[in-house]
Amino acid sequence: MGSTSAHNNEGLGRRDLIKRSAALGLIAVPTMSFLSACASGDSGGDEKVDKGKKTEKNPLGVNEGAPLEIVIFDGGFGTKYAEDAKAVYEKTYPKAKIKFSSTQKIRSQLQPRFNGGTPPDLIDNSGAEQMDMGVLVGKKQLTDLTPLLDSPSIDDPSRKVRDTLRPGIVEMGQFDGDPVWIMYYAYTVYGVWYSETALEKLDATYPENWDDMLALCAKAKKKGVAGWTYAGKHPYYLPFSLYPFIAKIGGREVLDKIDNLEPNAWSDPAVKAAFEAYYELFKKGYILKGTPGIDHIQSQTAWTQGKALFIPNGSWVENEAAKTMPADFKLAVGAPSGLDSSDKMPFGTIWASGGEPFIVPKSAKNPDGGMEQLRIMLSEASSKNFTQSVKSLTALNGGTDGIELTPGLRSATAALEKAGDNVVNPRLQDWYVKLQKEQIGVAGLGEMMAGRATPAETIKKIQGFADAAAKDQSIKHYKHQ
Amino acid sequence: MQHGKYRFIVGFLAAPLALYAIFVIWPFIQSIYYSFTDWTGLSPDFKMVGFDNYSRMLEDQIFWDSLGHSLIFALLLPLVTLGLALFFAFMLNVGGRRRKGAAIAGVRGSGFYKIAYFFPQVLSIAIVAVLFAFAYNPNEGAINGLLRAIGLDSVQPQWLGDPDTALWAVMAVLVWSTVGFFVVLFSAGMASIPKDFYEAALLDGASRFTTFFRITIPLLWDTVQSGWVYMGILALGAESFAVVQIMTVGPGGPDYSTTVLVLYVYQTAFRDGQAGYATTIGVALLVITLALAALVMRVGRRERLEF
Chain S
1 MGSTSAHNNE GLGRRDLIKR SAALGLIAVP TMSFLSACAS GDSGGDEKVD
51 KGKKTEKNPL GVNEGAPLEI VIFDGGFGTK YAEDAKAVYE KTYPKAKIKF
101 SSTQKIRSQL QPRFNGGTPP DLIDNSGAEQ MDMGVLVGKK QLTDLTPLLD
151 SPSIDDPSRK VRDTLRPGIV EMGQFDGDPV WIMYYAYTVY GVWYSETALE
201 KLDATYPENW DDMLALCAKA KKKGVAGWTY AGKHPYYLPF SLYPFIAKIG
251 GREVLDKIDN LEPNAWSDPA VKAAFEAYYE LFKKGYILKG TPGIDHIQSQ
301 TAWTQGKALF IPNGSWVENE AAKTMPADFK LAVGAPSGLD SSDKMPFGTI
351 WASGGEPFIV PKSAKNPDGG MEQLRIMLSE ASSKNFTQSV KSLTALNGGT
401 DGIELTPGLR SATAALEKAG DNVVNPRLQD WYVKLQKEQI GVAGLGEMMA
451 GRATPAETIK KIQGFADAAA KDQSIKHYKH Q
Chain U
1 MQHGKYRFIV GFLAAPLALY AIFVIWPFIQ SIYYSFTDWT GLSPDFKMVG
51 FDNYSRMLED QIFWDSLGHS LIFALLLPLV TLGLALFFAF MLNVGGRRRK
101 GAAIAGVRGS GFYKIAYFFP QVLSIAIVAV LFAFAYNPNE GAINGLLRAI
151 GLDSVQPQWL GDPDTALWAV MAVLVWSTVG FFVVLFSAGM ASIPKDFYEA
201 ALLDGASRFT TFFRITIPLL WDTVQSGWVY MGILALGAES FAVVQIMTVG
251 PGGPDYSTTV LVLYVYQTAF RDGQAGYATT IGVALLVITL ALAALVMRVG
301 RRERLEF
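Residue numbers (our numbering), protein chains in the order written: chain S, 1 to 481; chain U, 1 to 307.
Beta-carbon label-pair distances, calculated as ranges:
#, chain 1, residue 1, chain 2, residue 2, range
1, U, I127, S, Q305, 24 to 30 Å
2, U, A293, S, T406, 54 to 60 Å
3, S, G398, U, A172, 53 to 59 Å
No lab work stands behind these hints: they were computed from the structure.
Everything numeric in this text was worked out from a predicted model, so none of it was measured.
Just so you know, even glycine gets a beta-carbon here, dropped at the ideal spot from N, CA and C.
Modelling step: build the complete structure from the supplied sequences, incorporating the hints.
What follows is the structure, encoded as C-alpha cells:
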C-alpha cells in the first residue's frame, strides 16, 4: 500500500481544500436552517367534510359523497373482515369513494401523517408498531366516539350501540372522564390454555386450586411432560393468568390499586401469595426446561407438541398456533386455579378485554364516516363474519348464535359465561406499556420465573418500577373511574 | 492553472456539500433542537423544556445500562474482530509453510478460506440475527444440540434468555458476521506489501511472529485504523441495533442485559412516544461517537511509512 502526500506546488493543497470546504459547510448549515421551515411545526389543514343529513338510516349524519380512508393493521386477524365491512359501507353509501389500505407498520406509515395533520379517518392501531394510545389521547389527537356509542344499533334501532357491547369495552376506551377514544373491536379471553386431550391422558381435569395444580404437574413430570411453559423472551404473557389469579385471591381492588400506581400496591398479601405460587412451579421443576430462552411461537409449538400442559395466553393462540396444533388437541382455556378456599373471588374469575383498537383521529377529514364504518362492523352480520373467519369474539355481546364455533372459541365463550360478572380487566398493558412489558414483565417476572430472583426481591423491584412510573412527569397517569 | 481555480472548485463542491448539509448536518441540528423540547412525535405541538431532558437522562438507570453496553460494544468488538481478522489475513497470505519458488505463502487452501470467511458478509444482518436466534434456542437450537452431541448434557445455557450470557451471545454474532470483511480488506492490504521485506526478514532468521509484528502491522496500520473507526461506528450504530432488536426481543434482553443506546433511542421515540427525550439520548450518542472517532485518530496517529 503506497501513500502519496500533498505536493505544495500549486498553492492549494488537498488539506487546505478540505479545511475550506468544511468551513463552507459550517456557513451553509445555519443558512439552510433559517430557510426551511421546522419539520414538525406545521399542524396542517383542519378542514372537515360537510355533515350529511341525519336520518333514521343515517343517524350519525354521514356525508354520503365524502371520501373515506381506512387503514387496517394486517396481523393475526388479516384484513378480510374489514374489507367485507367496507363493502357494506360502499353498498350503503354508493357515492362515497373509499380508500382502503392495510399495513403491519402502522407507526411508520401513520406517525408522519399525524404530525402533518392529515391522518386517515379510521385506523386499526394494533400490532408491534402500535402508536402509544396514552400519548395520542394526552395530545388530543383522537375523536370522541360517544356519538357512535349513543347511536342506534344496526340490528335493533331501539338499542344504543353502547348497550350491545361486552363488559369492559366502553370503559377500556376511556382514559380519564367520559369521552371514549378507542373502540376495541376484538374481544380477547386471557387465561391458562391447555389441551383437553393431554389432560385426559393423565386422567385429570383442569385443577381448580393450587394444590391440585401442583399435584397434576407432579404427575405430568413423572411422565416426562412439563407442567408449564410460557413465552420466555416475552414474560409479559405471564400476567394473562397471574393478574386474574391475584384478583381471585385478594379481590379486584388489588388490581385496581396496581393500575392506579398506588404506593405499596404490590406489597399486598395477595400479590405475594400469587408470586410465591408461580415461583413454586419453577422451584419444583414444573417449567419446561429452556423456557426463558424461547419466544412466544417457540413456546406455543413446544406446548402443542405436548411437551408442556399449560401456557398463559390469549384467545388469539388458537389462530396463531393452528399450524402446529394436532387435530385431536381439543384446545380449552381455564380461568386461573385459585389458591385455596379463602380466596375472595370464585373460581372462574377471568381476564377478558378488548383487542384491535380502532381509532378515529381528531383531524380526520371524515370522522363521521369513520364512526359509521365502526357501527357497521358492530352489526351482528359483520361480527359473525369476523368470528367465523378469524376465530375470535368481537366486542358485540352475543352474536355467536347459529355459527359453528371452534374448540378454543367454544371454551372461551363457556369461560365467559361461567365468569359472569367476575371478569377483571387490568389496564397496565394499555396505560403503561413500558412498565407492564419490559419492567414488570421482562425485568421482574421473567427473572423470577427463570429462578434468578426470589418473589420477595421481584416484588420489591416491581414496586420500585411502579413508584418511578408514578413519579415520572413525562408520562400521563390514569386512574380507574 | 491558478486562473478560475476557486470557481472550478466551488462548482464541483457546491452540490455534494448542499446535499450533505441537508441530509446529514441539518438533521443533527434539528435533533439537538428537539432535545430541548417535550415533543412526543405523535402530534405537532410541543414546547421548550430547557435542560429537563438532560437532567432526566443523567438519572435514568436504563440510559446508563445502555451506555455501558454500547461502550463494551465499541471497545471490545473492534478489538476482537480486527484481531481475529488480522490473524486470519496473515495466515492466509503469509503464514503458510514455505513452498518451492515462493518466499511466503498462505496456508493450504487459503483461497477457499477467503471465500468462506467472506460469506457472512453477503447475508444481511437481519437474516444473520434471525438464524442465530434459532441457533441459540436452548431446547432445539443448534448450539445446545452440538453441546449435547459431544456429551455435555449438563452444560445447556439459556444463551439469549440469561442476562449473564445474552450480551456475549449477541456480540459473538456481530463478530462472526463482520470478521470476513476485514479479512478480505487486510488481505488486500497485505498483498501490496512488497514481498522483498518478508524475504529479507526471513533470510535474517525472523520468525513468523516477528514478521507479523514488525512488518505486517506497521505497514498495514492505516487500514487497521480506518477499520477501527468503521467497526466502532458499526458497534454503536445500526448493526448493534439490528442484532439486539431481532435476537433479544423485548426491551433488549432479559433484565436489560443487552439494551444499547440506539435501541433505547428507538424505543423511547417510537414505543413510548417521547421523541424529545429520545433525541436527547441521540445527542449523547453523537457525542460519544465523535469522541470515540477522535480518540482512535489521536491514539492511532503514527508516523506514516512510505514505501
